[in-house]
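Participant: For reference, the chains in residue letters:
Protein chains: 2
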Amino acid sequence: MEIKIMKNILDRNQNKANEVRNLLTSKGVLMVNIISSPGAGKTTLLERTCEELGGKFRIGVIEGDITTDRDAQRLKKYDIPIVVINTEGGCHLDSHSISKVLDSFDLRNLDVLFVENVGNLICPSQFDLGEAFKLAIVSTTEGDDKPGKYPMLFREARAVLLNKIDLIPYTNFNSGSFKSDLKKVNAQVPLFEISCTKGDGLKEWYEWISEKIIISR
Amino acid sequence: MEIKIMKNILDRNQNKANEVRNLLTSKGVLMVNIISSPGAGKTTLLERTCEELGGKFRIGVIEGDITTDRDAQRLKKYDIPIVVINTEGGCHLDSHSISKVLDSFDLRNLDVLFVENVGNLICPSQFDLGEAFKLAIVSTTEGDDKPGKYPMLFREARAVLLNKIDLIPYTNFNSGSFKSDLKKVNAQVPLFEISCTKGDGLKEWYEWISEKIIISR
Numbered sequence: 001m002e003i004k005i006m007k008n009i010l011d012r013n014q015n016k017a018n019e020v021r022n023l024l025t026s027k028g029v030l031m032v033n034i035i036s037s038p039g040a041g042k043t044t045l046l047e048r049t050c051e052e053l054g055g056k057f058r059i060g061v062i063e064g065d066i067t068t069d070r071d072a073q074r075l076k077k078y079d080i081p082i083v084v085i086n087t088e089g090g091c092h093l094d095s096h097s098i099s100k101v102l103d104s105f106d107l108r109n110l111d112v113l114f115v116e117n118v119g120n121l122i123c124p125s126q127f128d129l130g131e132a133f134k135l136a137i138v139s140t141t142e143g144d145d146k147p148g149k150y151p152m153l154f155r156e157a158r159a160v161l162l163n164k165i166d167l168i169p170y171t172n173f174n175s176g177s178f179k180s181d182l183k184k185v186n187a188q189v190p191l192f193e194i195s196c197t198k199g200d201g202l203k204e205w206y207e208w209i210s211e212k213i214i215i216s217r
Numbered sequence: 001m002e003i004k005i006m007k008n009i010l011d012r013n014q015n016k017a018n019e020v021r022n023l024l025t026s027k028g029v030l031m032v033n034i035i036s037s038p039g040a041g042k043t044t045l046l047e048r049t050c051e052e053l054g055g056k057f058r059i060g061v062i063e064g065d066i067t068t069d070r071d072a073q074r075l076k077k078y079d080i081p082i083v084v085i086n087t088e089g090g091c092h093l094d095s096h097s098i099s100k101v102l103d104s105f106d107l108r109n110l111d112v113l114f115v116e117n118v119g120n121l122i123c124p125s126q127f128d129l130g131e132a133f134k135l136a137i138v139s140t141t142e143g144d145d146k147p148g149k150y151p152m153l154f155r156e157a158r159a160v161l162l163n164k165i166d167l168i169p170y171t172n173f174n175s176g177s178f179k180s181d182l183k184k185v186n187a188q189v190p191l192f193e194i195s196c197t198k199g200d201g202l203k204e205w206y207e208w209i210s211e212k213i214i215i216s217r
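Chains as they are written, first to last, in my numbering: chain C, 1 to 217; chain G, 1 to 217.
Keep in mind the hints are simulated off the structure, nothing from the lab. Hints may be right or wrong, so weigh each one.
The list cannot tell twin chains apart, which means a pair is met if one copy fits it or any two copies do.
Result set (DSBU-like, lysine-lysine): computed pairs, CA atoms no more than 35 Å apart in a straight line [to be verified]:
{"no.": "1", "residue 1": "LYS183", "residue 2": "LYS77"}
{"no.": "2", "residue 1": "LYS179", "residue 2": "LYS198"}
{"no.": "3", "residue 1": "LYS198", "residue 2": "LYS183"}
{"no.": "4", "residue 1": "LYS56", "residue 2": "LYS77"}
{"no.": "5", "residue 1": "LYS184", "residue 2": "LYS203"}
{"no.": "6", "residue 1": "LYS184", "residue 2": "LYS77"}
{"no.": "7", "residue 1": "LYS16", "residue 2": "LYS56"}
{"no.": "8", "residue 1": "LYS56", "residue 2": "LYS100"}
{"no.": "9", "residue 1": "LYS198", "residue 2": "LYS7"}
{"no.": "10", "residue 1": "LYS4", "residue 2": "LYS16"}
{"no.": "11", "residue 1": "LYS4", "residue 2": "LYS100"}
{"no.": "12", "residue 1": "LYS100", "residue 2": "LYS184"}
{"no.": "13", "residue 1": "LYS198", "residue 2": "LYS184"}
{"no.": "14", "residue 1": "LYS100", "residue 2": "LYS7"}
{"no.": "15", "residue 1": "LYS76", "residue 2": "LYS198"}
{"no.": "16", "residue 1": "LYS4", "residue 2": "LYS184"}
{"no.": "17", "residue 1": "LYS77", "residue 2": "LYS212"}
{"no.": "18", "residue 1": "LYS184", "residue 2": "LYS76"}
{"no.": "19", "residue 1": "LYS27", "residue 2": "LYS77"}
{"no.": "20", "residue 1": "LYS183", "residue 2": "LYS212"}
{"no.": "21", "residue 1": "LYS76", "residue 2": "LYS183"}
{"no.": "22", "residue 1": "LYS4", "residue 2": "LYS56"}
{"no.": "23", "residue 1": "LYS56", "residue 2": "LYS212"}
{"no.": "24", "residue 1": "LYS179", "residue 2": "LYS7"}
{"no.": "25", "residue 1": "LYS27", "residue 2": "LYS100"}
Small disclaimer: the values here were computed from a predicted structure and weren't measured.
Here chain C stands alone, though its shape is the one from the complex (with noise of 0.2 Å):
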């Protein structure tokens, strides 16, 4: 019974994910649904992303946090539409709570819509939610096991961003373990080696994702 449930829910969330990526390739949108343990830099991310290409884009962000709008109070500075989705202790962001609030935003002036799901490494990766592709981010101190224990996303995900790389020497990291998982998941996935906080290796992640937005408008 359960699983026929959970197989509802998710036929449900399927359809509903169907509908917004359909509106949003109507509009030329691209959403880029952004998960990560919490803590991994996805808000820093979206901080860097806006600093860069906010000129050269319009960008708009969907929060998704269990609770606190502290992620997007980061964000206000870049004047951009953000609309906070609470989760109130739901573990992941769900096609149905992405419909509702695309209403608030003018789809005709936006390029590219970053959804911060809830920071966890699991449940999001199991919700479509209308959007383009899924990022992962990872970071380094979060260990270098990750791609093995937690396939799902990394086979999912369209790109991987490792972060935190200049904690490296400070951590038992272990580069070529961590690269040699990631291919035994997903072959083919471009992995960026990041530093959020010192700016390292950005310029191809901002390459990579502006050629994204320009395709798809």
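Here the structure of chain C is known, so what remains is to put chain G in place on it, guided by the hints.
Facilitator: Then chain G, alone, in the frame of chain C:
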């Protein structure tokens, strides 16, 4: 309907958790449910604790993982009973899975049973496994805003371990903000500031957990 089903799941989980708790109490075994984000240091804490307390107490471990037995492999060298529960995509352990594996342990010859839950700061905090108490681990590299943004676990935890304090100099972690946020969600909870890799602050943790084990015998 979803809410009703969820309540049924939680009710059934709670009933089984009570059974598990009664059984463990009758055998004098302290079960500790360890919860954190991926890579916050649950396994490293267990390694350290087995090293230090393995001669003093009879320790058992249940390793909850989505897939792989990597964490269990890391603990094999301590020659303690370990059972792995692979959730195959599931984002948390529940009391039924715990109940099923308890048969694999000789409970009369156990003082403490550590349960390493799936790496997830959200879902595991909602499921009683029949533990004596939950233990929260959070690492400095995840940022100082975690108690405010993910209050459920911090509210439920009997103790909080702040790990990776050796990395504070390389991050923007603010200890004052962290402690003030933690106080707001759980004013009385003991906080241990530790580094599992360097060994800092672990003495206080060993003393605290030893006392809990002795009391429950």
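Participant: Look at each hint and say if it fits the structure.
Facilitator: Hint check:
1. LYS183 x LYS77: Answer is between; shortest inter-copy Cα gap is 29 Å, intra-copy 38 Å.
2. LYS179 x LYS198: both (22 Å within a copy, 26 Å between copies)
3. LYS198 x LYS183: both (26 Å within a copy, 31 Å between copies)
4. LYS56 x LYS77: within (17 Å within a copy, 55 Å between copies)
5. LYS184 x LYS203: within (27 Å within a copy, 40 Å between copies)
6. LYS184 x LYS77: Classified as between; 27 Å across copies, 40 Å inside a copy.
7. LYS16 x LYS56: Intra 31 Å, inter 56 Å, cutoff 35 Å: intra-copy only.
8. LYS56 x LYS100: within (27 Å within a copy, 57 Å between copies)
9. LYS198 x LYS7: Neither: 43 Å inside a chain and 46 Å across chains, both beyond 35 Å.
10. LYS4 x LYS16: This pair counts as both: shortest intra-copy Cα distance 18 Å, inter-copy 22 Å.
11. LYS4 x LYS100: both (26 Å within a copy, 23 Å between copies)
12. LYS100 x LYS184: Classified as between: cross-chain Cα gap 32 Å, same-chain 37 Å, threshold 35 Å.
13. LYS198 x LYS184: both (29 Å within a copy, 32 Å between copies)
14. LYS100 x LYS7: Close inside one copy (22 Å) and across copies (26 Å); limit 35 Å.
15. LYS76 x LYS198: within (21 Å within a copy, 39 Å between copies)
16. LYS4 x LYS184: within (31 Å within a copy, 40 Å between copies)
17. LYS77 x LYS212: within (25 Å within a copy, 48 Å between copies)
18. LYS184 x LYS76: between (39 Å within a copy, 25 Å between copies)
19. LYS27 x LYS77: within (26 Å within a copy, 58 Å between copies)
20. LYS183 x LYS212: Classified as within; 23 Å inside a copy, 44 Å across copies.
21. LYS76 x LYS183: between (37 Å within a copy, 27 Å between copies)
22. LYS4 x LYS56: Neither, since 46 Å and 48 Å both go past 35 Å.
23. LYS56 x LYS212: within (13 Å within a copy, 58 Å between copies)
24. LYS179 x LYS7: within (33 Å within a copy, 41 Å between copies)
25. LYS27 x LYS100: within (17 Å within a copy, 52 Å between copies)
Consistency note: the structure conflicts with the earlier hints numbered 9 and 22.
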